[in-house]
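Start from the sequences, fold in the hints, and give me the full structure.
Protein chains in written order, with my numbering: chain A, 1 to 306; chain B, 1 to 112.
There's no promise every hint is true.
Computed, partial: chain A to chain B, Cβ under 8 Å [said to hold, decoys possible]:
id, residue
1, VAL23
2, ALA26
3, THR40
4, LEU237
5, THR239
6, GLY252
7, GLN289
With a straight-line cut-off of 20 Å between C-alpha atoms, the simulated SDA-like cross-links for lysine to any residue are [as the list claims (entries may be wrong)]:
id, chain 1, residue 1, chain 2, residue 2
8, A, LYS32, A, LEU224
9, A, LYS287, B, GLU29
10, B, LYS70, B, LEU88
11, A, LYS38, B, PRO93
12, A, LYS38, B, TRP8
13, A, LYS38, B, GLY63
14, A, LYS32, B, ILE3
15, A, LYS300, B, THR35
16, B, LYS70, A, ARG197
17, A, LYS32, B, GLY63
18, B, LYS70, A, THR239
19, A, LYS38, B, PRO16
20, A, LYS32, B, ARG11
21, B, LYS70, B, ALA28
22, A, LYS38, B, ALA15
23, A, LYS38, B, MET1
24, A, LYS38, B, GLY4
25, A, LYS38, B, LYS46
26, B, LYS46, A, THR37
27, A, LYS287, B, PHE31
Hints in this document: simulated from the structure, not taken from any laboratory. Beta carbons are placed, not taken as given, at the ideal position from N, Cα and C, and that holds for glycine.
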Amino acid sequence: MKLPTDPVTLATPFFILSVILEVVLARFGKLKAHYETKDTAVSLVMGLFSTLSSLPIAGLSFAAAIWCYHHRAFTIPMTAVWAWVAVFLLEDLTYYVFHRLSHERRVWWAAHVNHHSSQHYNLSTALRQTWTGGVAFTWALWLPLSLLGFPPAMVAIEKGISLVYQYWIHTEAIGRMPGWFEAVFNTPSHHRVHHARNPRYLDRNYAGILIVWDRLFGTFQPELDEEAPRYGLVHNLGTFNVLRVAFHEWIGIGQDLLRQPRHALGWLFGPPGWSPDGSRDTSTSLKAQWTARQAQAELKAKQDAV
Amino acid sequence: MMIGLAAWATRGRGAPALDEPAARRLLAEEFPDRTVEALWLAADGKGAVAKSVDLALVLARMGDGYMARKLAWSEAAATPVRDGRLRLALREPGAPRAILTFAAWPPKDLPA
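The structure is reproduced here in C-alpha cells:
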C-alpha cells in the first residue's frame, strides 16, 4: 500500500542525494565513509528490488490490517495529538520486537540477514533491504495496533517515519550525538554496534527510533572507543551475487530441513547458528567463547604481574 | 550513476596485497581459538590458506574485505590447482567456493 503521504516515498530524493554527498565528501576526505563498488551495487540493487518484492504480499497485509481494524477494540482518531504520540510509542515498541525476533530466530533472520551482509557501514547500507520480509509474515506483528483501533493508514505512516529515521543512522560520518540524544534515541553510534560482528556487540541495540527499549529490556550496548566495530556477518558472504545475498539463508534452511526434517522446529525457530549437535556457532556461544578468552587473558595478565 | 560514483570514489584505493603479518592478524581475529602451524599466501595477495591441526583456515578477498572459512585440511590438500587457481569448495549458499591464486598445491613445506 502506497499512501499519498508515504514518508519513504517523500524521502527517496533525500536518500539518493545524501548517498551522493557522502560518497563525494568521503572521496575528498571531508568525512569518514568507506565505499566499495560491488558492495554499493549490491546495496542499491537490494534496495531497488525490495520495494518491488513487497508488492505481491502488500495486498494480503493490507487486507489483514483492514480486517483487524473492522474488529477493533476502540476507535482512535487520526486527528488527535495523543493518538500520534501513542502510535509512535507502540509502533516503535513493535519494531523493537520485530527486530529482535529477526535476529534471534532463524526463519526471520533469513529475511533480515541481507541487511547485515555488507562489510561496510555507510548510507548505502541502509538501502540494502530485504526481498523476503513479506513472505516471512513479520508484518503480522503490527496487526495488533489495528486491532486496538489505530487506523491502518496511521500505522503505515508511522512505520514509514521509523524507516526514514533509521536511514541517517547508517553512517560512520557522525561520531556521537549530544548525551541527552544518545540516552533517548537510536543514533549512528548505537546502530554501528548493532551492525558489528565483534562478539561483544552481537545481538545488541535492536531499537528503531527510541534506544530506551534496549535499555529497558537489557539489550543495550554502547559503542566503546577501545573496540571499533567490525561490520558484516559472523561468517561474511563469499559472493556479491544479489540472488545469493537475498536468499542464501533460506537455501541454507531448506538444505538443513531436507537433511534432518525431524529437527524442523529447531532449524526454523532456533537462533541463527543453531544445530542439533551444537556444532555450529550461535551469538550466545560466540559471546561465551569471547568471555572465556577475556577471563583467561585477565588471569594470565594477573599471573604475569605477580 | 551512483555505482559509477562509488567506483570513482574508490579508484586507486584498493585493498593492499595480503602479507604475512596482515594474514596472521586476520586469522587471529577470525579464528581466535586456533593456532596457525603454517601459512601460505596466494600469489596475487588476495587470500591465504593456513594449516591448523586438522583444519584449513581460508581467507579470500571480497571487495576490499575478506571472508574467512574453515574446512578439513585433508579436503583442502586434496583440491587440485587448475589454471593457476585453487578452487576450494565451501559448499555454503552464501559462500560456495573460495578461489585463490596458487601456482602449485598442496604445499611441499608442510609442517611435520
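* Asked: Which of the stated hints cannot be reconciled with the structure, identified by number in ascending sequence?
  -> none
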